[in-house]
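Engineer: Produce the entire structure from the sequences given, and follow the hints as far as they go.
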Amino acid sequence: MNPNLPNSFRTGPDERGHFGIFGGRFVAETLMPLILDLEKAYADAKADPAFQAEMNGYLKNYVGRPSPLYFAERLTEHLGGAKIYFKREELNHTGSHKVNNVLGQIMVARRMGKKRIIAETGAGQHGVATATLCARFGLECVVYMGAVDVERQQPNVIRMEMLGAKVVPVQSGARTLKDAMNDALRDWVTNVHSTFYCIGTVAGPHPYPMMVRDFQSIIGIETREQMQEAEGRLPDSLVACIGGGSNAMGLFHPFLDDPSVEIFGVEAAGHGLTQLHAASIAGGRPGVLHGNRTYLLMDEDGQIQDAHSISAGLDYPGIGPEHSWLHETGRVNYLSATDEEALAAFQLLTRLEGIPPALEPAHAIAKVMELAPKRPRDHLMVVNLSGRGDKDIPQITEILKGRKK
Amino acid sequence: MTTRIDARFADLAKQGRSAFVTFLMAGDPDPKTSLDIIKALPKAGADIIEIGMPFTDPMADGPSIQAAGLRALKAGMTLKKTLEMVRGFRKDDNATPLVLMGYYNPIYIYGVDKFLADAKSAGVDGLIIVDLPPEEDTELCIPAMKAGLNFIRLATPTTDDKRLPAVLANTSGFVYYVSITGITGSASADSNAVGEAVARIKRHTKLPVCVGFGIRTPDAARAIAENANGAVVGTALVDALRASLDSEGRATPKTVGAVADLVTALAQGVRGAKQAAE
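Note that the protein sequences, when read in sequence, are chains E and A.
My numbering applies: residue 1 is where the first sequence begins, and numbers increase by one.
My numbering applies: residue 406 is where the second sequence begins, and numbers increase by one.
A few of these clues could be false.
[Unchecked claim] List of simulated lysine to aspartate or glutamate pairs, EDC-like, C-alpha gap at most 16 Å:
1) A:Lys-485 <-> E:Glu-300
2) A:Lys-479 <-> E:Asp-306
3) A:Lys-519 <-> E:Glu-300
4) A:Lys-485 <-> E:Asp-37
5) A:Lys-567 <-> E:Asp-37
6) A:Lys-479 <-> E:Asp-37
[Unchecked claim] Computed footprint of chain E on chain A, listed as stretches where at least three residues anywhere in the stretch have a Cβ under 8 Å from a Cβ of chain E:
7) 436 to 449
8) 478 to 485
9) 513 to 525
10) 617 to 626
11) 657 to 667
Honestly, the hints are just simulated from the structure, not real lab data.
None of the values given here were measured: they were computed from a predicted structure.
By construction, the Cβ of each residue, glycine as well, lies at the ideal position given by its N, Cα and C atoms.
Structural biologist: See the structure below:
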């Protein structure tokens, strides 16, 4: 463990947006004044009880919170170890945890008087959540999505368009999430006066990693209360998948200062860590991209490498800066699951619990399948079921059909 | 400390004209042709040369310069080779200022101290790093100043009077005014608005102010040069280079000349400007 361990893991970032050496504000000058405005607007909103009250109203009646904490009895029996609970974020309106953050950011955008919202999306879950709230509040919405992801996540593209969003297929680079984020940033630089950039994960320049984490922390806050009610104590471990890492940070953050709680983040190992993958912590090192310093996949010259994951939502060569810091301090253990392991977990969960998970949390389930059997029956393990698998059914059907031939 | 950039602006002030600043990507379309192009620029009329350091994810650049960076990377360009190119240029030219422009990550990975030492010894005069605002000055700006390199800051239409002093505080060499809110090669700059913006910046600094983004033609270059201490052209040159390539994206016998001819025409535009801004 790092000798410079902080007294608390929950006080970051500092006023310049740093978590240890990670984070920061590495953006073009054109954006810098706006980022400072956003920081101020968010601080004002956070301190305003009316903002919190309004948000809580929408979280309850529009999103459908609190999401249940469900005891996965058959999975628990099947694995024969830890008692497994699912935090059911897939039951939220729009089908994933993404809506928690989008609601918060759209409300901040409204306070700032912004009428045009842009977003990047990988799996399309963040895009769908953004398109949904833009429809609800009558805002213009443009979603940047890698052309590869437009292909493999068609149901979400159709949904976004029905909600009135313009979906722009991004043709640069590997045509996945990283490239969508580049083009969203280019749009923002161009339309900086009118536009609010609704970032979908705990990454980007300060204050985004902090702000998105705060909006997602409702996941962990509810989990604490619900576990108290169900079992009368804290959980013993938490497991969540990580692309940028917003569902994981939302679950983890309220527990970071509870040393009895083991915390596991699961990156996407794609075809395997020695081949194409998206596991920035397992296979990367610190660098600077998209406004922050964090673990990145890159070559010796500092050129960013294309990630690969079966899951469009995890297909990103970076990770939120706070995760990089939690890795270096040793507070969170970062594991990885391959495409194959995620597919197997998807099938198992669908058959055992009648819950088809999105391919993203299927990575977390894959590691639960390894971790749970090694733990005693009174060990309470919470896994964040961050999204539902409906969007992945066409892609998975194709893959499984290909195998039968 | 006087750098080649300071000396060049002093000289241009004596001549009573503005600078013509060119931008091309190092290694585009291949390292050898790229060096030949850079070597041809001073004679064609470039007063200051900006060399792009290729990066996979150039967030402030439009399609032309994105593609130039990818051509260079495909041809094997690295930051190390960019510095070798600078050394190659300096063999024959010890006067023309060279400025490296790009994004921070390749420098961070190269190692800041090693990069600054190697860049200085290769003959680099200044740096423009798009994703290092004053809020991150401790990363590279302050060390670069200590190493004797100019750190040239971008000011933009969103940089208001309140913020300008912070942006200018650690800037040296010149100020690069980005004339539009947008990416390279997108919109065209309005020379009147540019004139007002340059005057605004000059109320805060004695440094020369060069203007870039959206300048494509000799007429536009002249109009900008009348309102600023220098006009920067990048995308138009990169486009001329690209148009000279074969269908596989390789250099042809026309490539060096195609860029040099456009530089000559643009330089005449700049030299045709009436007395530049003081």
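Engineer: Which earlier hints turn out false for this structure, listed by number in ascending order?
Structural biologist: 4, 6, 7, 10, 11
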